[in-house]
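Asks: Residue numbers (numbering that gives the first Met the number 0), protein chains in the order written: chain A, 0 to 98; chain B, 0 to 134.
Source of the hints: derived by calculation from the structure; they are not laboratory data. One thing to keep in mind: the hints can contain errors.
Not the full set, but computed from the structure, chain B residues with beta-carbon under 7 Å of chain A [said to hold, decoys possible]:
{"no.": "1", "residue": "V5"}
{"no.": "2", "residue": "L33"}
{"no.": "3", "residue": "M34"}
{"no.": "4", "residue": "E41"}
{"no.": "5", "residue": "E42"}
{"no.": "6", "residue": "V45"}
Heads up, simulated DSSO-like pairs for lysine-lysine below, C-alpha to C-alpha not over 30 Å straight-line [unchecked claim]:
{"no.": "7", "chain 1": "A", "residue 1": "K49", "chain 2": "B", "residue 2": "K26"}
{"no.": "8", "chain 1": "A", "residue 1": "K64", "chain 2": "B", "residue 2": "K111"}
{"no.": "9", "chain 1": "A", "residue 1": "K64", "chain 2": "B", "residue 2": "K131"}
{"no.": "10", "chain 1": "A", "residue 1": "K73", "chain 2": "B", "residue 2": "K26"}
{"no.": "11", "chain 1": "B", "residue 1": "K31", "chain 2": "A", "residue 2": "K73"}
On a predicted model such as this, the values are computed, not experimentally measured, just so you know. Glycine included, C-beta positions come from ideal geometry on N, C-alpha and C.
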Amino acid sequence: MEIQKELNGTTLVVKIIGRLDASNAQELTKELNASFNGVKDLIFDFSGLKYVASAGLRVLLMAQKRMNKQGSMKIRHVDETVMEVLEMTGFADLMNIEK
Amino acid sequence: MEKFTVEASIENLPLVTSFVIEPLEEKGCSMKILMQMELVIEEIFVNVANYAYPTGHGMATICRDFEDTPRAIELTFIDSGIPYNPLEHEDPDINLELDEREIGGLGIFLVKKTVDEIHYEYKDSQNILTIKKLF
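If we strip away everything but chain A, and leave its shape as in the complex, we get (with noise of 0.2 Å):
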């Protein structure tokens, strides 16, 4: 997994690029928790994600409730895979999700 931050503002893009699992979600913890100060606008670019488990699930629940209380989430570029898992677990419904 590559995880590609960009900041603009209080907007962060974030790009997870590979897989993101069991092996990796704690650094994506790491990542976000490192810049969560002052972003009101979280957006996670999936384009390059091709994989997500629940332990990566856990890290996006994190980062949603996290972000409720000082802005807003989304997620772009979804693949069809990862659509599918999150459909499958109902977070597509509790989050904000461009295909």
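Based on these hints, arrange chain B on the given structure of chain A.
Replies: For chain B alone, coordinates are given in the frame of chain A:
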């Protein structure tokens, strides 16, 4: 039937995944099923790696078997850790509002939604979880 035994630790997940995914690829299994199986293996194996042996290290055995009509793969995950029936875990309520959503239980829920059959038994001091997926 093929058997594969490794130490139950997350670092070994790629080995377990290859053990299952490679023969499926050889059989011309669709990309969608391959991804679903990868998810199933990860969720089950990571659970064993994280919780089966709270006081130390232990092993996990994965048995792999194929059926022809209809085409299906059967996987059995065996560990000698603390007795734990993941199927007793209540499904997360996926209709809850965000703030009420719990962090746990998602993995096994995904497994249940993805496979065609799933059974658990505790026998001879072993957790035995069997899944079957048509492909």
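Asks: Determine for every hint whether it applies to the structure shown.
Replies: Going down the list of hints, with the structure as the test:
1. V5: violated (15 Å)
2. L33: violated (10 Å)
3. M34: holds (5 Å)
4. E41: holds (5 Å)
5. E42: holds (6 Å)
6. V45: holds (4 Å)
7. A:K49 to B:K26: This hinted pair holds, its Cα atoms lying about 22 Å apart.
8. A:K64 to B:K111: holds (26 Å)
9. A:K64 to B:K131: violated (36 Å)
10. A:K73 to B:K26: With Cα atoms ~39 Å apart, K73 (chain A) and K26 (chain B) exceed 30 Å; violated.
11. B:K31 to A:K73: holds (25 Å)
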